[in-house]
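**Student:** Order-wise, the sequence lines are chains A and B. Sequential numbering from 1 applies to the first sequence in our numbering. Sequential numbering from 1 applies to the second sequence in our numbering.
These are computed hints drawn from the structure, not numbers from a lab. Any given hint could turn out to be false.
To spell it out: a stretch of chain A is covered by chain B in this simulated footprint if at least three of its residues, at any positions, have a beta carbon under 8 Å from a beta carbon of chain B; those stretches are [what the hints assert, rightly or not]:
no. : stretch
1   : 219-225
2   : 230-243
3   : 251-262
Virtual Cβ for every residue (Gly too), placed ideally from N, Cα, C.
Here are the chains, one letter per residue:
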Amino acid sequence: MDPVIRIKNISYTYPDAPGPALNDVSLDIWPGTFVAVLGSNGSGKSTLAKHLNAILLPAAGKVLVDGMDTIDEGSLLPIRRRVGMVFQNPDNQIVANVVEDDVAFAPENLGVEPGEIRRRVDAALRQVGMYELRLHAPHLLSGGQKQRVAIAGILAMDPQVLVLDEPTAMLDPQGRREVIDTVEALCRDRGITVVLITHHMDEAARADRIVVMDKGRVVMDGAPREIFPQAEALRALRLDVPDTTELLRRLNAAGMRLPADALTAEDCAALIGEALG
Amino acid sequence: MSLMELRGLTHVYSQGTPFEKTAIDNIDLTLRHGQTVGLIGHTGSGKSTLISHLNALLKPTAGTVLLDGEDIFASKASMRAARFRVGVVFQYPEYQLFEETVFADIAFGPKNLKLDQGEIDRRVREAAAFVGLGEDTFRQSPLELSGGQKRRAAIAGVLAMEPELLVLDEPTAGLDPAGREDLLEKLFHWREARQASVLLVTHDMAAANRCDRLIVMDHGRVAMDGAPEAVFARGDELTAIGLDLPAAAHIARLLRARGIDLPPSLYTLDQLTEAILALWRRKGGTPC
Chain A
1 MDPVIRIKNI SYTYPDAPGP ALNDVSLDIW PGTFVAVLGS NGSGKSTLAK
51 HLNAILLPAA GKVLVDGMDT IDEGSLLPIR RRVGMVFQNP DNQIVANVVE
101 DDVAFAPENL GVEPGEIRRR VDAALRQVGM YELRLHAPHL LSGGQKQRVA
151 IAGILAMDPQ VLVLDEPTAM LDPQGRREVI DTVEALCRDR GITVVLITHH
201 MDEAARADRI VVMDKGRVVM DGAPREIFPQ AEALRALRLD VPDTTELLRR
251 LNAAGMRLPA DALTAEDCAA LIGEALG
Chain B
1 MSLMELRGLT HVYSQGTPFE KTAIDNIDLT LRHGQTVGLI GHTGSGKSTL
51 ISHLNALLKP TAGTVLLDGE DIFASKASMR AARFRVGVVF QYPEYQLFEE
101 TVFADIAFGP KNLKLDQGEI DRRVREAAAF VGLGEDTFRQ SPLELSGGQK
151 RRAAIAGVLA MEPELLVLDE PTAGLDPAGR EDLLEKLFHW REARQASVLL
201 VTHDMAAANR CDRLIVMDHG RVAMDGAPEA VFARGDELTA IGLDLPAAAH
251 IARLLRARGI DLPPSLYTLD QLTEAILALW RRKGGTPC
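Pulled out of the complex, with its shape left as it was, chain A reads as follows (with noise of 0.2 Å):
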């Protein structure tokens, strides 16, 4: 299998910015896998993910989309029609006036023929849970519904992979658990390849693979379990762990004997009732 995405040796400096946003930069993103990107403000992760459908074209180094080269212009669209970004303000990405518009927007500006649409636009909505509110005014919807509805917009262009640039950063906790739970579904039921970015150690660890950047590069690249109980290099990076990994290792530190990998609260839970118990 080939990944669907991969990063080659790729670097990126902003104009006038005084060091590069992205340093030798090289990943394979593989195809149907969840993949969190955590790293510092100013890491350099919203840059990576503006390469991954050539926002941004990398100085240096290839960006290959199912084999196509980004910095090929005749690849432009193919490219955006299998990579789909949401970025960060959910208020910014609504463009129309009725939630089922705004997710037929871009199928529509693809030329697709109006029943497929409908389709693709019905399909879109309830793998999000939107389907009930398609009549409704976005605007009139929580953050959290907003979301979903730019999140629609992008599976309404079949694509392969799913971009989120902190997409629950202006959340409250239901709607960025709306989001989270939505986008795992995504990956895990319908094979979407899935890039989130985040702060938030809790979503990270849902995802299979987590990728640390600081200062342009990548530091740490492995699954949750192997990246998380490393508390002491991840806060040297301005990050953390989640508070399950953090209470396990405080209860080792004292003495317990608990696997130490454990990363919701319900298999925390059941290792520490285990050992009470």
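Since the structure of chain A is provided, determine the placement of chain B on it from the hints.
**Tutor:** Relative to the frame of chain A, chain B by itself:
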């Protein structure tokens, strides 16, 4: 002593139209001097509408707000006075920077107070120091700052007004974990040093954890009001209104459901660690 009192505060948007919506509904609250109060609630629960009344940006449909016993909506002068005494930092304040230099941006509020230049200078320097913004940035354009610095410059602009009550709406949104921790530390330090009061609107349970008092809003009303341990002990109700528990309180609930006998009011990792270790030692577990 009470700093601010909300009496029957009600705000109805688009009254008399089909879009009529009661955002806050007959709220009575007293904010005391020197407290750090967390205001939590899901989107649409009325938090933002509530805080917009505290410095008279919105006028209530019914009820009022008293500042040191005086109705802030009594006159134009009292509304203006409230704006100087109650500082509000809205979400993503960095989008509201507009002056040519960082110094001028932070100085904008104090200038409006018609203070002399020496006092303006002092306030700008002190506010910048509180948020950890170096004086080397003063001559820069706010647009040249990093995202985190812009946020701090915007907050410094409000601190320079030396408000008695500082209200912040999600001040840590979008910051990395170290940035969140750092900003909270600075705000708590400022409150302490200035003997002021802080009202923190937040979705971040780790921040809510550290307040003296939590007010939980739901559907435009106050659903709970008390110390964090009292509020977080009501886990089922919080979950029912769409809020999260701090991770420690959540794990404690799961353990209780497994029949483990933990005290009812655990909500920090420190408390949970201690409680689990106490049970473990009682069972004969020994440090290795």
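**Student:** For every hint, state whether the structure bears it out.
**Tutor:** Hints, one by one, checked against the model:
1. 219-225: violated (count 0)
2. 230-243: holds (count 6)
3. 251-262: holds (count 5)
Against the hints set out earlier in the document, a violation occurs for number 1 only.
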